[in-house]
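A.B. asks: One letter stands for each residue in the lines below.
2 protein chains.
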Amino acid sequence: MIRETNDWLTFKHQFLQIIQLSDGTEGQNRLVYSPNWIAAQSELIGFGQQIGLTSMVDTYGNVYLDLPGKDDQVIAAGSHMDTVVNGGKYDGLYGVLGGLQAIRTLKKQLGTPQHTLRLISFSEEEGSRFNATFTGSKFYALHESAGSLEDGTGWTFDDARQQAVTRLQSLKNVLIKHPSLPKSFTELHIEQGPRLINNHAQIGLVAGIVGQRRWLITIQGESNHAGTTPMNNRHDALQTTVTMISKLAEFAQQIGDGLTFTVGQLNVIPNAANVIPGKTQFTIDARHADNQVLDQFEQAINKTSDQLEDGQITVTTEQYVKDEPATFDATLLSQNEQIVQRLGLTSQVMVSGAGHDSYVMNQVSPTTMIFVPSEGGISHAPNEYTCSADLKAGIEVLMASLQAQAY
Amino acid sequence: MIRETNDWLTFKHQFLQIIQLSDGTEGQNRLVYSPNWIAAQSELIGFGQQIGLTSMVDTYGNVYLDLPGKDDQVIAAGSHMDTVVNGGKYDGLYGVLGGLQAIRTLKKQLGTPQHTLRLISFSEEEGSRFNATFTGSKFYALHESAGSLEDGTGWTFDDARQQAVTRLQSLKNVLIKHPSLPKSFTELHIEQGPRLINNHAQIGLVAGIVGQRRWLITIQGESNHAGTTPMNNRHDALQTTVTMISKLAEFAQQIGDGLTFTVGQLNVIPNAANVIPGKTQFTIDARHADNQVLDQFEQAINKTSDQLEDGQITVTTEQYVKDEPATFDATLLSQNEQIVQRLGLTSQVMVSGAGHDSYVMNQVSPTTMIFVPSEGGISHAPNEYTCSADLKAGIEVLMASLQAQAY
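First to last, the protein sequences are chains A and B. For the first sequence, the residue numbers in this note's numbering are 1 to 407. For the second sequence, the residue numbers in this note's numbering are 408 to 814.
Source of the hints: derived by calculation from the structure; they are not laboratory data. C-beta: ideal position from N, C-alpha, C; glycine also. Don't take every hint at face value.
The list that follows gives simulated cross-link-like pairs (lysine-lysine, BS3-like), each with its CA atoms no further than 30 angstroms apart [what the hints assert, rightly or not]: (1) A/Lys-247 to B/Lys-686; (2) A/Lys-183 to A/Lys-172; (3) B/Lys-515 to A/Lys-247; (4) A/Lys-322 to A/Lys-303; (5) A/Lys-183 to A/Lys-322; (6) B/Lys-515 to B/Lys-419; (7) B/Lys-654 to A/Lys-303; (8) B/Lys-584 to B/Lys-686; (9) A/Lys-322 to B/Lys-686; (10) A/Lys-172 to A/Lys-70; (11) A/Lys-107 to A/Lys-12; (12) B/Lys-686 to A/Lys-279; (13) B/Lys-590 to B/Lys-477; (14) B/Lys-515 to B/Lys-799; (15) A/Lys-279 to B/Lys-654; (16) A/Lys-247 to B/Lys-654; (17) A/Lys-279 to B/Lys-590.
Sample of chain A residues facing chain B (criterion: CB under 8 angstroms; computed from the structure) [said to hold, decoys possible]: (18) Gln-212; (19) Gly-227; (20) Leu-238; (21) Ile-245; (22) Thr-262; (23) Val-263; (24) Thr-283; (25) Asp-285; (26) Arg-287; (27) Asp-290; (28) Ser-379.
Use the sequences and the hints to build the structure in full.
C.D. replies: Below, the structure is given as structure tokens:
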């Protein structure tokens, strides 16, 4: 149905209108509550009103576009409108406009649904302007407020939010409302990794989101002269760091499939060519769908750090992130598997390695996600790209799922 | 002889006068051509003139204090007057004032020597103000000029030099002169490592200075999402770095005694907890008395970097320091060994792991060094400390050596 030329052209046209708001910068820039973001949410409200959807905005700037059904149960789809700094065109926006497209086509072809169909465009997911993520979905689903935050330019979260949301709420025919929770939530999104593209699968059926833990490791040794300190007299914090990372990499390899282990940040002190490092600080990021595997890895970190302490070297581990794994709704997943089969698309069931609004929505409503491939697995970068055929396929799956649920 | 109370008190008094110039700062601060440095070289000229030495200053601010002999051959001793930022009390200054003390005592007890005795206080050795080391001894010995340099505050080397040297050369009875090279040079210095203190040896007889090579290694991989990029799809520059450092540490351990291997500086790009590092840059510092061992280590670096390249990861090695090892004069060394035995001092023959003015002097004159222990092997830090007994012993050995050579 989406193959119909007009519907696809509308999607493409709307997509272009939003991404042109970032003209003049290398990538997409719709940081939450920024002028570009206000313009994009406003355009979206216009797109919804054009096809007769009810438009609502809550006090965090989440936009809701409802196609009222015969009853007041709600089947929702959507994603987020914000981007990272110099982000890609598809992350977030694809799920918003793809969801709108699915509802538009269903309305045109099948009329009023049994349950209300709702598109949600969450205000913020990336955490790129303020030091907080998922503030949109957390406000909608959990009534959780972001707290007192400041961006780098002196704007507080609340000032930026009020200034932006006032603008949206003053648009014609916009209701100021925090609508009730949906019966289900489906998020269409590009994969932010290379598994689909490498496996030549058109659709990723997302069974959940990995649990994620992060630690800050501090190794304290003794700084000394690189030339005059004999090797057996050193307490070299960097050499101990290398040993620790090696051991953990080996352990991660033994665990194998599904565990990611990343040391992304490492600082050496004093960081001079002719001085033995006296101190290092580095981060460990570990993710897996199974909490027990993460427990195992955590034990390995603690054991390794104990082993490396020798009276002269101290190793301190501090866990600063512990996000539980999310398991998405099994019924929706199996329904989507059947849809994909029926449509003759290639697919794979997978666990997302990154967080999404669905992580939050899953805490309050049965939730599922549909991934489409991203060339080279690239995301959060200007060269993020998904071909039209894959974009269309993803919208078709979403539409069939919404149809099965709402009609 | 130095045990004589008056001579030791004079040394202590002069030492205190110079280190008090840095009062109010945590450590010693006599960066070349700074007000403290000018005051210190001026005081030294005064100390020399008080006991009738001829004082000379060249255009780099090196100070020469001569006790003229019956002929014009010169037996020289000395070290440098400058310090690092917040340095210790002994590095450099001990060799200058210890040398002066030796000459003072010899003059008092034995009168005019056969050969001229010369104390040299080099202007600069540490490279702490301008990005160049040994500029004093290189100017004296090799007529090498420092080139156009700037410190962090906008002073050029030449402006700072001229302003400071003019002050010294305008002092009463100071000759403006670049004197001829000596027949021998002896430098008294604290060990900048823990070998003497750990081995309970009072004197280090320095057979040479290690060769030193430094490389800048750049590993280029691919930056990517820490959660969504499967482990077998990563080109993690930091993990490759860890592998490379591990392999080299293993190789260094096999070579064993005498080789030092230090990765002192390591920068990770982009250095964020949730991003796989796309690039690293790090330094390798390797030192050994034998060039062949350094060649072997260099081969290991090149071999390892070749092995780690896999089409997605590139490893670039750039050598930016290659200092040849220095072998000091064998005759002076064995003479000093005999002196130490005669004086009943414990000693060990050793190779210096750090550079000294003697490295430069050795290129033009037979040269030797005498080390005394430094508590904890500490240097270049405010808590650098050598006990009085060890300071005295070092001066005694120097004095006996100068006596044997000049009288």
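A.B. asks: Now, for every hint given, state plainly whether the structure supports it.
C.D. replies: We went through each hint and held it up to the structure:
Distance check on the hinted pair: A/Lys-247 and B/Lys-686 sit about 21 angstroms apart at the alpha-carbon level, within 30 angstroms; holds. Among the hinted pairs, A/Lys-183 with A/Lys-172 is consistent with the structure: their alpha-carbon atoms are about 28 angstroms apart, no more than 30 angstroms. Proximity of B/Lys-515 to A/Lys-247 is assessed by CA-CA distance (about 66 angstroms); at most 30 angstroms being required, the pair is judged violated. With a C-alpha separation of about 19 angstroms, the suggested pairing of A/Lys-322 with A/Lys-303 holds against the 30 angstroms cut-off.
A distance of roughly 28 angstroms separates the Cα atoms of A/Lys-183 and A/Lys-322; the hinted pair therefore holds under the 30 angstroms criterion. At most 30 angstroms may separate the alpha-carbon atoms for a hinted pair to count; B/Lys-515 and B/Lys-419 meet this at roughly 18 angstroms. For the hint linking B/Lys-654 to A/Lys-303, the alpha-carbon distance of about 23 angstroms falls within 30 angstroms, and the restraint holds. A C-alpha spacing of about 52 angstroms is found between B/Lys-584 and B/Lys-686, which places the hinted pair above 30 angstroms, so the restraint is violated.
Taking the CA atoms of A/Lys-322 and B/Lys-686, the gap is about 27 angstroms. The hint holds against a cut of 30 angstroms. At roughly 25 angstroms between alpha-carbon atoms, A/Lys-172 and A/Lys-70 fall within 30 angstroms of each other, so this suggested pair holds. Straight-line distance between C-alpha atoms of A/Lys-107 and A/Lys-12 comes to about 19 angstroms, which keeps the hinted pair within the 30 angstroms bound. Of the pairs offered as hints, the one joining B/Lys-686 and A/Lys-279 holds, with about 21 angstroms between alpha carbons and a cut-off of 30 angstroms not exceeded.
Pair hint B/Lys-590 plus B/Lys-477 holds up; C-alpha atoms about 15 angstroms apart against a cutoff of 30 angstroms. Only pairs whose Cα atoms come within 30 angstroms are accepted, and B/Lys-515 paired with B/Lys-799 is accepted, the gap being roughly 18 angstroms. For the proposed pair A/Lys-279 and B/Lys-654, the alpha carbon gap of about 21 angstroms is at most 30 angstroms, so the pair holds. Simply put, A/Lys-247 and B/Lys-654 have alpha-carbon atoms about 14 angstroms apart, close enough for the 30 angstroms limit, and the pair holds.
Between A/Lys-279 and B/Lys-590, the direct Cα distance comes to roughly 46 angstroms. Violation of the 30 angstroms bound is thereby established for this hinted pair. Checking A/Gln-212 against chain B by beta carbon gives a least distance of about 7 angstroms; that is within 8 angstroms, so the hint holds. Checking A/Gly-227 against chain B by beta carbon gives a least distance of about 4 angstroms; that is within 8 angstroms, so the hint holds. Checking A/Leu-238 against chain B: minimum C-beta separation of about 6 angstroms stays under 8 angstroms; hint holds.
Hint status for A/Ile-245: holds, given a least beta-carbon distance of 5 angstroms to chain B, under 8 angstroms. Proximity of A/Thr-262 to chain B holds as hinted, the smallest CB-CB distance being about 4 angstroms (cut-off 8 angstroms). Because the smallest distance between the Cβ of A/Val-263 and any Cβ of chain B comes to about 6 angstroms, under 8 angstroms, the interface hint for this residue holds. Using the Cβ-Cβ criterion of 8 angstroms, the hint placing A/Thr-283 at the interface with chain B is satisfied: the shortest such distance is roughly 4 angstroms.
Taking 8 angstroms as the C-beta cut-off, the interface hint given for A/Asp-285 holds, the closest approach to chain B being about 5 angstroms. Contact between A/Arg-287 and chain B, as hinted, is supported at the beta carbon level, the nearest pair being about 5 angstroms apart and thus within 8 angstroms. Because the smallest distance between the Cβ of A/Asp-290 and any Cβ of chain B comes to about 15 angstroms, over 8 angstroms, the interface hint for this residue is violated. Interface restraint check for A/Ser-379: the shortest CB-CB distance to chain B comes to about 6 angstroms, inside 8 angstroms, so the restraint holds.
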